[in-house]
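Line by line, the protein sequences are chains A and B.
For the first sequence, counting from 1, position 92 maps to 92 in this note's numbering; every step adds exactly one.
Position in the second sequence (first residue = 1) + 1000 = this note's numbering.
Hints were generated in silico from the structure; no laboratory data involved.
The structure displayed is predicted, hence computed values, not measured ones.
Mixed in with the good hints there might be a few duds.
[Stated by the list, open to error] Distance ranges between label pairs, derived from CB positions:
#, chain 1, residue 1, chain 2, residue 2, range
1, B, R1063, A, G52, 19 to 25 Å
2, B, S1022, A, N45, 17 to 23 Å
3, B, G1003, A, Q78, 29 to 35 Å
[To be verified] So these bits of chain B aren't anywhere near chain A, every CB distance computed over 10 Å:
#, residue
4, V1019
5, S1031
6, E1075
7, F1104
8, T1113
Glycine included, every Cβ here is placed at the ideal spot set by N, Cα and C.
The lines below spell out each chain.
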Amino acid sequence: GIQVEQSPPDLILQEGANSTLRCNFSDSVNNLQWFHQNPWGQLINLFYIPSGTKQNGRLSATTVATERYSLLYISSSQTTDSGVYFCPTKSGGSNYKLTFGKGTLLTVNP
Amino acid sequence: KAGVTQTPRYLIKTRGQQVTLSCSPISGHRSVSWYQQTPGQGLQFLFEYFSETQRNKGNFPGRFSGRQFSNSRSEMNVSTLELGDSALYLCASRLGQPSYEQYFGPGTRLTVT
């Protein structure tokens, strides 16, 4: 099945800094989503972005499906941005299973 | 519109027991998927149900089973619990084709002692 590689695995920022998280995929990207897992474990939807660029406030995401990668940009980071970020993608075929990478653990210090 | 809900939120069981977890999808969503999250294995797909039928199953032993009811609510059952089953179990719902976007519930944290 498809492999999802996320980088960096860990990232520590000072509040106000900008960051870029990256996901590389071993196969064609299908129906990619970005999630933020909060300290309580819930996965919060950030973007559904199979291709192109989207922006939502301080966050934006870009997926280049032909080159099998996606980027998440966080500007002016806040302590509430801390948590783990995932970029699962649907495997090929008719099933709707999401394949996850190991995530990027972001820590934003005040 | 209410989000995905899962009950219970926390559960402590003893090895050998069985457990049933419940998931109510977003109103109108017909697909429910279950995922297990552990520190060692990360997030792994368990199974997906759509219109009361299991559509896909992950690589888990037969002790893990599930079902979906006519109102799209889903239950997941784990029999003969093992210590390694301690995990966060997450449920996700999806509207159905052609929508692929999945929405996750808050999870059930299961501890097996």
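Comparing the hints with the structure gives:
no.	hint	result
1	B:R1063 x A:G52: 19 to 25 Å	violated (42 Å)
2	B:S1022 x A:N45: 17 to 23 Å	holds (22 Å)
3	B:G1003 x A:Q78: 29 to 35 Å	violated (23 Å)
4	V1019	holds (17 Å)
5	S1031	violated (6 Å)
6	E1075	holds (19 Å)
7	F1104	violated (4 Å)
8	T1113	holds (20 Å)
Checked against the numbered hints above, the structure violates hints 1, 3, 5 and 7; every other hint is satisfied.
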